[in-house]
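Model the full assembly from the supplied sequences, consistent with the hints where possible.
Using this note's numbering, read the sequence shown as starting at 1 and increasing by one per residue.
These are calculated hints, taken from the structure and not from any lab test.
Distance condition first, Cα-Cα at most 25 Å in a straight line; then the derived DSS-like pairs of lysine-lysine:
1) K64 / K96
2) K43 / K64
3) K75 / K96
4) K96 / K43
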Amino acid sequence: QVQLVESGGGLVQPGGSLRLSCAASGSIFNINTMGWYRQAPGKERELVATIGSGARTNYADSVKGRFTISRDNAKNTVYLQMNSLEPDDTAVYYCKVVVTDYRYLEVWGQGTLVTVSS
Numbered sequence: 001q002v003q004l005v006e007s008g009g010g011l012v013q014p015g016g017s018l019r020l021s022c023a024a025s026g027s028i029f030n031i032n033t034m035g036w037y038r039q040a041p042g043k044e045r046e047l048v049a050t051i052g053s054g055a056r057t058n059y060a061d062s063v064k065g066r067f068t069i070s071r072d073n074a075k076n077t078v079y080l081q082m083n084s085l086e087p088d089d090t091a092v093y094y095c096k097v098v099v100t101d102y103r104y105l106e107v108w109g110q111g112t113l114v115t116v117s118s
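Next up, the structure:
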């Protein structure tokens, strides 16, 4: 079993910053892609950013230049540094990891709420 534990969400004013963390635990021998997605009220879940095993990153256009994704392979943890937050960034943020050792697994976190409001 692979489990993800997210942390770092909360309430922040427009222009503020937050850092999300997502730690994977369990029997893991290799994590390929790690990523963050978000779902705002009444909207579909959308990709925010991903990072591959070689540290190649991909960002949604709406967050480029404001968000930074990174990973610590020794800790099986992915981070999302969010700066210059806007009210439209308000959503539940989910992390996702793709495990590719002797199996292929896509595992989702439970989600953490980010609210950007004055």
